[in-house]
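J.: Read top to bottom, the protein sequences are chains C and L. Number 11 in the numbering used here belongs to position 11 of the first sequence; there are no gaps in the numbering. Plus 315 on top of the position in the second sequence (first one is 1) and you've got the numbering used here.
Honestly, the hints are just simulated from the structure, not real lab data. Among the hints, erroneous ones may be present.
Which residues of chain C face chain L? A few of them, derived with a C-beta cut under 7 Å, are [said to hold, decoys possible]:
1) Ser227
2) Ser301
3) Gly303
Which stretches of chain L does chain C cover? Using the computed rule of at least three CB atoms under 8 Å from a CB of chain C, they are [as the list claims (entries may be wrong)]:
4) 349-362
5) 379-389
From the three backbone atoms N, C-alpha and C, an ideal C-beta is built for every residue, glycine too.
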Amino acid sequence: MNHAAPARLTILSGFLGSGKTTWLAHQLRHGAFDGVDVIVNEAADLPVDDRLLPARRLHILAGGCACCTQRQPLLDLLGTMLDGGARHIVLETSGLAEPARIVEAVRGDPKLADRILVGETVSTLDAAAARDLLRSEPLALRQVEAADAIILTKLPAALPGDAARLVASLRAFVPRAHLFAAERGVEVELPVADDIVPEPLDGPDARASGGEIVAATLDLGPAPDLSALALWLSALLHARGESVLRVKGVVASGGRRILLQAAGRSVELSELKAEDREATDGLVVIGRGFDAAALADSLRSFGIDAAEPRGACRA
Amino acid sequence: MCLVCGTDRTTGLWVQACVVAGQDPAGWSARGIATARSVLAAHGLDLKVGPGDLRVATRGGRQVRIRDLDGVWEAAEALLGHPLDPLAASTLSTVRRPAF
Chain C
1 MNHAAPARLT ILSGFLGSGK TTWLAHQLRH GAFDGVDVIV NEAADLPVDD
51 RLLPARRLHI LAGGCACCTQ RQPLLDLLGT MLDGGARHIV LETSGLAEPA
101 RIVEAVRGDP KLADRILVGE TVSTLDAAAA RDLLRSEPLA LRQVEAADAI
151 ILTKLPAALP GDAARLVASL RAFVPRAHLF AAERGVEVEL PVADDIVPEP
201 LDGPDARASG GEIVAATLDL GPAPDLSALA LWLSALLHAR GESVLRVKGV
251 VASGGRRILL QAAGRSVELS ELKAEDREAT DGLVVIGRGF DAAALADSLR
301 SFGIDAAEPR GACRA
Chain L
316 MCLVCGTDRT TGLWVQACVV AGQDPAGWSA RGIATARSVL AAHGLDLKVG
366 PGDLRVATRG GRQVRIRDLD GVWEAAEALL GHPLDPLAAS TLSTVRRPAF
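Just chain C, same shape as in the assembly:
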């Protein structure tokens, strides 16, 4: 019988591009999660977010969400980590995962139930996109509903009145959740919302399915033409910015390795550090309303030798 105090599990969820990794990276750099073991879960089978996290003990669970296709692998991994002495585990879920289902799976596993305690579920929420997102993405709404703490991100991009109304609405909709705000991981003040009338977050469309979300991983070959890739991405985001939820990947250019991330129509690039050179090249496109095979066809029409997509995860 195991008499040791249970280890603690913190689940960090949030929709695609809501700033989970940015927030967690800041906490890890500044000691807020000192000594934790981190699991990074990614829907696609090309892990990218782990490159951004300065965790000493980091485990990757890629190729599906921890709430569904990677559910059993998550439980197995948690068991292995506990056997190895882990005392506090932070699970950063994929942006397509449902935290409530993960909590249910952990609590319902007879091998884990008395060894690990789900301490809290934290959810990041893009303040600028929240109003439309919560009305159109049932998954985003469920992530917020399951949260013990909600961290509003990207506040400067939101109109002040909208941000205050969002705060008032979240307080009314999820009264048990603690609300915070953070800018690139640094806590900032929440907008004052004392006299703001909340509005319903679950609008008429929020409970309906917005359509199947596809996460496709594309192999771009050993040396993709970056100018062509840039144009392709520019065209894709211009024509389909509403339905392409996330693009991320690692591409080689001129002897350098470039980490690419896009959320909405915003693209960010950074150069990988020397110690990350073993990162696998490729591109992950997550969105709805398109066929994964069409992505590869389209890239080829732009002169990029993309192989057929692999590991398409559907949520």
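Once you've looked at the hints, dock chain L against the given chain C.
T.: Just chain L now, with coordinates in the frame of chain C:
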């Protein structure tokens, strides 16, 4: 800084500023322009390039001046009356791979 062209940019598409400013030691402009032309041609459009000047044009002579290659798609949409969708079957079936 743009990792491709060295231009002082921290965010945004990295096609921005790489072309018009002429900062193209690696032939970035030529490849980007060739790719854009091949895609535009499939929709009856052309990309006209002059010193410090980029324009998307119809065969009939209508033109929209653009600041950089990232502006190609907005200009194409204005000229075509609909977005130029890189995933649309009409694009996939008609674009010829650019020859560099």
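J.: With reference to the structure, classify each hint as holding or not holding.
T.: Now for the hints, and whether the structure bears them out:
{"no.": "1", "hint": "Ser227", "in the structure": "holds, 4 Å"}
{"no.": "2", "hint": "Ser301", "in the structure": "holds, 4 Å"}
{"no.": "3", "hint": "Gly303", "in the structure": "holds, 5 Å"}
{"no.": "4", "hint": "349-362", "in the structure": "holds (count 4)"}
{"no.": "5", "hint": "379-389", "in the structure": "holds (count 5)"}
The earlier numbered hints are all upheld by this structure, with none contradicted.
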